[in-house]
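Asks: In the order they appear, the protein sequences are chains A and B.
With the first letter of the first sequence counted as 1, position 222 gets the number 222 in my numbering; the numbers rise by one all the way through.
With the first letter of the second sequence counted as 1, position 133 gets the number 133 in my numbering; the numbers rise by one all the way through.
Bear in mind the hints are in silico, worked out from the structure with no lab data behind them.
Don't be surprised by glycine CBs; every beta carbon is placed ideally from N, CA and C.
Careful, some of the hints might be misleading.
[Stated by the list, open to error] Lysine-lysine pairs mimicking BS3-like chemistry, simulated, CA-CA at most 30 Å apart:
| id | chain 1 | residue 1 | chain 2 | residue 2 |
| --- | --- | --- | --- | --- |
| 1 | A | Lys399 | B | Lys100 |
| 2 | A | Lys92 | A | Lys121 |
| 3 | A | Lys376 | B | Lys72 |
[As the list claims (entries may be wrong)] Here are some of the chain A residues that sit facing chain B, going by a computed Cβ distance under 8 Å:
| id | residue |
| --- | --- |
| 4 | Asn7 |
| 5 | His11 |
| 6 | Gly382 |
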Amino acid sequence: MLTRQENHVDHLLRNLAEELDIPLSKYDQAVNRYQSVGSHIERVYYPSASGESLCYCQGSFRLGTVVRPIKEGKESDYDIDLVAQLPIAKNKTSPGEVKHLVGNRLKVDARYNRMLKEEGKRCWTIEYAEEDGIGFHLDVLPAISEVIDIQRHLRSLPIPADAEKYAIAITHKDESMYDWRSSNPAGYAEWFEAINRKILPQIDYNERSILVEKHPEIYARVEDVPPMMVKTPLQRAIQIFKRHRDIRFANSKWEKDKPISMIITTITTRSFSGKPASTVLETIRDLITDLRQSSYGGLITKNGGGWYIPNPVNPEENFADKWHEDGDKKARAFFMWLDWLEQDIEQLLHVHDLGKARVLVPALFGDRVASGALNKLESRFGGSVFKQIAHQRVQINHKPESPWQRG
Amino acid sequence: MDKKNAELIKEQAILVTNKYDGLEFCEIGDGLFLIKGVLAFEGDYEGMVITDAFDIEIQIPPRYPDTLPVVKETGYRIPREFHTNPEDNTLCLAAPLAAKLQFALDRTLLGFIEHLVIPFLFNYVHLQKNGVLPFGERSHGAKGILEFYSEFFQCPDLGVILKLLKILGTHEYLGFEKCPCKSGKNLRNCHGRQLLKCMQLQSTQDFMVEYWGILRLL
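If we strip away everything but chain A, and leave its shape as in the complex, we get (with noise of 0.2 Å):
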């Protein structure tokens, strides 16, 4: 059980997570925008295709993970991740000409090919300005599906069952030369979905009923509120995660070597599996005890002279490849990040003042989401938030009556 003052960092960290996400108009209206440029694609036929185009979404916004980028020490806009599935077997194509058939199909309308950047090495990036100066960016990514012989390879490895049927062949161009490489993002995100729902048999009704509360205008009653709203722990964790690397690797030398979020996103799933928790700070703490362990609980494993983080739907794909380069750089600012987590959890932890939170959080987290968070908290628990009370002694002396609940 957590104690008042690890209870209010959990809030704490709960309100910086929803600070840290998208917002629900903003999110409604990214929905928008990438459904639009999915029906754009799905809605022709090309050449030697059988079958419908697929367009679906992908990254943190289909894993309810995002966390408003930094870009240049500021708040930036969203990066919204939709593959462009095409249905032509990998024999009758190529590289070039699938990463083509999505992009002249994009450039096709006037709008789209104004806002289009110039092409990616995977992608096709879209550029959307909004109204109210918070943009989108769309990275289209072109895929078909992988042929039948990795699917059967991939099933021969240890994967979740059936991952490997949504395994896609996607393009990558170097210099001026388009080859394939292999992915998975759907198989991942389901990965990650089996999961997350582990918790929430334990939180669903309480995590509805704070909803209730704190937004009477939107939501009367628990059954009103969407299972989408619903945000795990693991979920809250990763979002914190992110935005604290971020924030810590902005403007360092070590900048471009920082954790990527795949790595963040895997280990901590792959720590909530065995242990799931039902707060934030738990979450957090306990990824902390597992990479601490001599053999960093099984996370990321360190043979011969290389560094292995096991993509979880492709075990030959490995996510921590480059760790080893320039000296162990890259594993080294891993560890590094988590020092300064370590570190900077244990800071919150021993905040007895809201006037001195006022100063941590936003050298943490930021200013904007800094603010918006703590004072979410002030007002929900009043100007005693993180204050050490002397406990009254109470002396009980008959047998108290026992607790009872109405229906």
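Add chain B to chain A, keeping to what the hints say.
Replies: Chain B only, in chain A's frame:
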């Protein structure tokens, strides 16, 4: 609310805020009073000591002390499934009459906190730390109320309890009649004493609601 009542509430509240540093007393409207903040206690029950602090809000109703205050835990440490009213998130400290009987022994805000609120919190923390509720818990709804009456009247017989409740619900108290519990004694020398105490604390309507609730369990 009349001035005298408001004065009584303020007097009692001062005793609370003087003792419990983290709690503050405020008036939020005409005649509506709150005590809120941090309740930090070190509870000792038969040598079992639980030290903790909770963010709470106690609402004092206009008809206090004839109506009991209600309390919410505002720190979200206690999950809503644990003895909390879904309509207003107030804590269900005990079966209604049980709470009133307890409060009757010390009709002060300090008494409410120390004999009802703190034991509830003590019970919950003990459960979290040691896996067990030292003060037990009642079943939900009418079943819980039946459990209470069973213990209170020291009588497991459903039929007897219903008869006693009927008397409470209609005020048809005839002291010279034989007690429904079949002890052979007159009502006034048997369960009558308890009935008289109860009748002062709850309306006939409240008792009839409990009567029908228990009847429906059959």
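Asks: May I ask you to test the interface hint for asparagine 7/A with respect to chain B, counting a Cβ-Cβ separation under 8 Å as satisfied?
Replies: Where the cut-off is 8 Å and the nearest Cβ of chain B is about 5 Å from asparagine 7/A, the hint holds.
Asks: Take a quick look at whether lysine 376/A and lysine 72/B sit within 30 Å of each other, Cα to Cα.
Replies: Between lysine 376/A and lysine 72/B the Cα gap is close to 18 Å, so the pair holds against 30 Å.
Asks: Need the status of pair lysine 399/A, lysine 100/B: alpha-carbon distance at most 30 Å?
Replies: Within the cut-off at roughly 16 Å; holds.
Asks: With a cut-off of 8 Å on the beta carbons, see whether histidine 11/A makes it to chain B.
Replies: Hint on histidine 11/A: holds, closest Cβ of chain B at ~7 Å, below 8 Å.
Asks: Have a go at the glycine 382/A hint: is there a Cβ in chain B nearer than 8 Å to its own Cβ?
Replies: Holds, because the Cβ-Cβ distance from glycine 382/A to chain B comes to roughly 6 Å (cut-off 8 Å).
Asks: Holds or violated: are the alpha carbons of lysine 92/A and lysine 121/A at most 30 Å from each other?
Replies: Within the cut-off at roughly 22 Å; holds.
This entry satisfies every hint, going by the numbered hints stated previously.
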